[in-house]
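Protein chains: 2
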Amino acid sequence: MKITRMHGAGGKLMQELIEKVILGNLELTSVEGGVGLRELDDGGTVPLGDREIIFTIDGHTVKPIFFPGGDIGKLAVCGAVNDIAVMGGEPVALSLSLIIPEGFPIDKLDRIMKSINETSKEAGVPIITGDTKVSNVDDIVITTAGIGITERGKVIRDSGMKERDVIIVSGNIGEHGMTILLARENFDFKSNLKSDVAPLNKLIKKVLDSGVEVHAMKDPTRGGLASALNEMVEKSGLGINIYEEKIPISEEVQSLSEALGIDPLTVANEGKVVMAVKKEDGEKALEVLRSHPLGRNAQIIGEVVSDHKMVVMETLVGRRIIDTPMGDPIPRVC
Amino acid sequence: MKITRMHGAGGKLMQELIEKVILGNLELTSVEGGVGLRELDDGGTVPLGDREIIFTIDGHTVKPIFFPGGDIGKLAVCGAVNDIAVMGGEPVALSLSLIIPEGFPIDKLDRIMKSINETSKEAGVPIITGDTKVSNVDDIVITTAGIGITERGKVIRDSGMKERDVIIVSGNIGEHGMTILLARENFDFKSNLKSDVAPLNKLIKKVLDSGVEVHAMKDPTRGGLASALNEMVEKSGLGINIYEEKIPISEEVQSLSEALGIDPLTVANEGKVVMAVKKEDGEKALEVLRSHPLGRNAQIIGEVVSDHKMVVMETLVGRRIIDTPMGDPIPRVC
Numbered sequence: 001m002k003i004t005r006m007h008g009a010g011g012k013l014m015q016e017l018i019e020k021v022i023l024g025n026l027e028l029t030s031v032e033g034g035v036g037l038r039e040l041d042d043g044g045t046v047p048l049g050d051r052e053i054i055f056t057i058d059g060h061t062v063k064p065i066f067f068p069g070g071d072i073g074k075l076a077v078c079g080a081v082n083d084i085a086v087m088g089g090e091p092v093a094l095s096l097s098l099i100i101p102e103g104f105p106i107d108k109l110d111r112i113m114k115s116i117n118e119t120s121k122e123a124g125v126p127i128i129t130g131d132t133k134v135s136n137v138d139d140i141v142i143t144t145a146g147i148g149i150t151e152r153g154k155v156i157r158d159s160g161m162k163e164r165d166v167i168i169v170s171g172n173i174g175e176h177g178m179t180i181l182l183a184r185e186n187f188d189f190k191s192n193l194k195s196d197v198a199p200l201n202k203l204i205k206k207v208l209d210s211g212v213e214v215h216a217m218k219d220p221t222r223g224g225l226a227s228a229l230n231e232m233v234e235k236s237g238l239g240i241n242i243y244e245e246k247i248p249i250s251e252e253v254q255s256l257s258e259a260l261g262i263d264p265l266t267v268a269n270e271g272k273v274v275m276a277v278k279k280e281d282g283e284k285a286l287e288v289l290r291s292h293p294l295g296r297n298a299q300i301i302g303e304v305v306s307d308h309k310m311v312v313m314e315t316l317v318g319r320r321i322i323d324t325p326m327g328d329p330i331p332r333v334c
Numbered sequence: 001m002k003i004t005r006m007h008g009a010g011g012k013l014m015q016e017l018i019e020k021v022i023l024g025n026l027e028l029t030s031v032e033g034g035v036g037l038r039e040l041d042d043g044g045t046v047p048l049g050d051r052e053i054i055f056t057i058d059g060h061t062v063k064p065i066f067f068p069g070g071d072i073g074k075l076a077v078c079g080a081v082n083d084i085a086v087m088g089g090e091p092v093a094l095s096l097s098l099i100i101p102e103g104f105p106i107d108k109l110d111r112i113m114k115s116i117n118e119t120s121k122e123a124g125v126p127i128i129t130g131d132t133k134v135s136n137v138d139d140i141v142i143t144t145a146g147i148g149i150t151e152r153g154k155v156i157r158d159s160g161m162k163e164r165d166v167i168i169v170s171g172n173i174g175e176h177g178m179t180i181l182l183a184r185e186n187f188d189f190k191s192n193l194k195s196d197v198a199p200l201n202k203l204i205k206k207v208l209d210s211g212v213e214v215h216a217m218k219d220p221t222r223g224g225l226a227s228a229l230n231e232m233v234e235k236s237g238l239g240i241n242i243y244e245e246k247i248p249i250s251e252e253v254q255s256l257s258e259a260l261g262i263d264p265l266t267v268a269n270e271g272k273v274v275m276a277v278k279k280e281d282g283e284k285a286l287e288v289l290r291s292h293p294l295g296r297n298a299q300i301i302g303e304v305v306s307d308h309k310m311v312v313m314e315t316l317v318g319r320r321i322i323d324t325p326m327g328d329p330i331p332r333v334c
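Going line by line, the protein sequences match chains E and B.
Using the UniProt record's numbering, the letters of the first sequence correspond one by one to residues 1 to 334.
Using the UniProt record's numbering, the letters of the second sequence correspond one by one to residues 1 to 334.
Just chain E, with the same shape it has in the complex:
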């Protein structure tokens, strides 16, 4: 058996690979009292006194490395920052591992580093350590790890949603993946579409500081909203009903999806958060999100139910089960 592209695409095949070959072989996967690898959350945690350290890592191999709205450097910083933020942590430090192909132009590396700098400043998170290797990769690979801090026991888990919670998405879906697809294929039509890649820590902090009760969070990257919601369902043992008409999506992504036959629910986002929020706090959460530029299109898209354990979407023509995609329809998006 060999690894295929679909094994890396954030869907079912990848889940199976991780379960069998990765988790199946590792015996030490958590620190006492902390979130471990087996939980397959956006990061792991290390309890330390009255705090909890949140620890994440992400490898980035997007193609092309420069795209409308961002580049691999911005993506790498946001990947680590957002994984910490959706666990309820304040990101405090990043580390950066570069694997650069021989022959890579130094001016491109310079441009990527400038973008990393801008994003690190936007998020307010320093890069305190790093590693550089030159190797036979077809393009630059950037892996970022991050450390965040929260009060002990205050980690927000992707498993934590409760019955009656409302499901909120912070803005228009599918923009990152679709942008990458367009940039890659050189479709011959003009588009203003750009990636949504952005650090979400300040947006999320605003919501948490407002006192809104957030029970679960995820950033719907690979596999899109469909993967994120299904993970929340599987881990909580509850179900989610969503309403197609409520899902924020730009006209452009909508029409592109139709033209290309790609379900926008399965397309990667890099600057969006999905939250399960206590029903009574839903409107307040929406208001706080919308007061921030990165959350201005936030919407309540559905609610948590206990009468089934699926993601069910109500559409104009009836109900449809939203399954975990087998893999991302667009590979190498992040």
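I should point out that these hints are in silico values taken from the structure, not numbers from a laboratory.
Treat the hints with care, as some may be off.
Unchecked claim - Pulled a few chain B residues facing chain E out of the computed Cβ check, cut under 10 Å:
hint	residue
1	Thr4
2	Ser135
3	Ser191
4	Asn192
Unchecked claim - Taking lysine-lysine pairs in the DSBU-like style, the calculated list, with each CA pair at most 35 Å apart, reads:
hint	chain 1	residue 1	chain 2	residue 2
5	E	Lys114	B	Lys114
6	B	Lys20	E	Lys2
7	E	Lys63	B	Lys2
8	E	Lys205	B	Lys154
9	E	Lys2	B	Lys235
10	B	Lys2	E	Lys194
11	B	Lys2	E	Lys2
12	E	Lys202	B	Lys154
13	B	Lys108	E	Lys108
14	E	Lys235	B	Lys12
15	E	Lys20	B	Lys2
16	B	Lys205	E	Lys108
17	E	Lys108	B	Lys154
Glycine included, each C-beta is placed from N, C-alpha and C at the ideal position.
With chain E held as given, fit chain B onto it using these hints.
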């Protein structure tokens, strides 16, 4: 200007690249009161209450991925564990990022994961989070990040050596790099040589727990002992005298070095530590090191001086300046 292999080899070219393109572009590079990126130590630190979190990252692209004495998985775990240990920290958690080429056999991945598991158990450090991507790399890339903990202000810096300190190496040098070279080139002679790759945290803890005063530590990986000693010299503003006859080296590595015209001082190690130890504690440190299997060939190889700012080696035929190598003579060793 383009990136060449030598830019990634741990020598002068790499130092220049990092100074100009990486450090030159980044503005946020440290947490208040912690060790930052600009210090170019084996990791950065985040002070937290009365503790200090040590944070490291390393990308691994060794070729071949399986070699006598280890594989890329063992290397990846040891890389992170050792970087934390040489800063005086206790490693508490690792994260693992896999970039796997399409078509990579799943049984090879399984073998690598088993090796990661064994090494994680040997070091006693869990892998609490991870990420898997499938991409166009020529072979698997494994990046590991690590978190370690120490008391605040107790971080051991590679800049910390003091005049009169003795310089100790924990065992035979050059074995990792030479093993990789032999494994790669298919030289047609039999060899029992194997990589020294090993987690050093328990060995180092033993030394620190014994009360020995360690002023500086490094693991002499890329660029070998020559790079490590020169870094300690540059960062401390002091000099080091070493004695060729004291440097622990196996007959096999010695004769291979001569046959191939490679200076063993510049060859990578993956299971060795160099320490600058208070002169009065030197013999005790040696004794503690030698009582552990990974330190049984430990030697005092020289001392710290203030009358020059170089690494000077006394040989049978006179004194020789050991410079930072331009790059590693054997690329892609780790």
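How the hints compare with the structure:
1. Thr4: OK, holds: Thr4 of chain B within 10 Å of chain E, min 6 Å.
2. Ser135: Given a least distance of 4 Å, the restraint on Ser135 of chain B holds.
3. Ser191: Violated. Min distance 25 Å.
4. Asn192: Given a least distance of 28 Å, the restraint on Asn192 of chain B is violated.
5. E:Lys114 x B:Lys114: violated (39 Å)
6. B:Lys20 x E:Lys2: Since the Cα atoms of Lys20 of chain B and Lys2 of chain E sit roughly 41 Å apart, the hinted pair is violated (cutoff 35 Å).
7. E:Lys63 x B:Lys2: Since the Cα atoms of Lys63 of chain E and Lys2 of chain B sit roughly 20 Å apart, the hinted pair holds (cutoff 35 Å).
8. E:Lys205 x B:Lys154: Measuring from Cα to Cα gives roughly 32 Å; hence the hint holds.
9. E:Lys2 x B:Lys235: violated (47 Å)
10. B:Lys2 x E:Lys194: holds (29 Å)
11. B:Lys2 x E:Lys2: Cα-Cα ~34 Å, so holds.
12. E:Lys202 x B:Lys154: Between Lys202 of chain E and Lys154 of chain B the Cα gap is close to 33 Å, so the pair holds against 35 Å.
13. B:Lys108 x E:Lys108: holds (34 Å)
14. E:Lys235 x B:Lys12: violated (50 Å)
15. E:Lys20 x B:Lys2: violated (41 Å)
16. B:Lys205 x E:Lys108: violated (42 Å)
17. E:Lys108 x B:Lys154: With Cα atoms ~39 Å apart, Lys108 of chain E and Lys154 of chain B exceed 35 Å; violated.
In summary, the numbered hints that this structure violates are 3, 4, 5, 6, 9, 14, 15, 16, 17.
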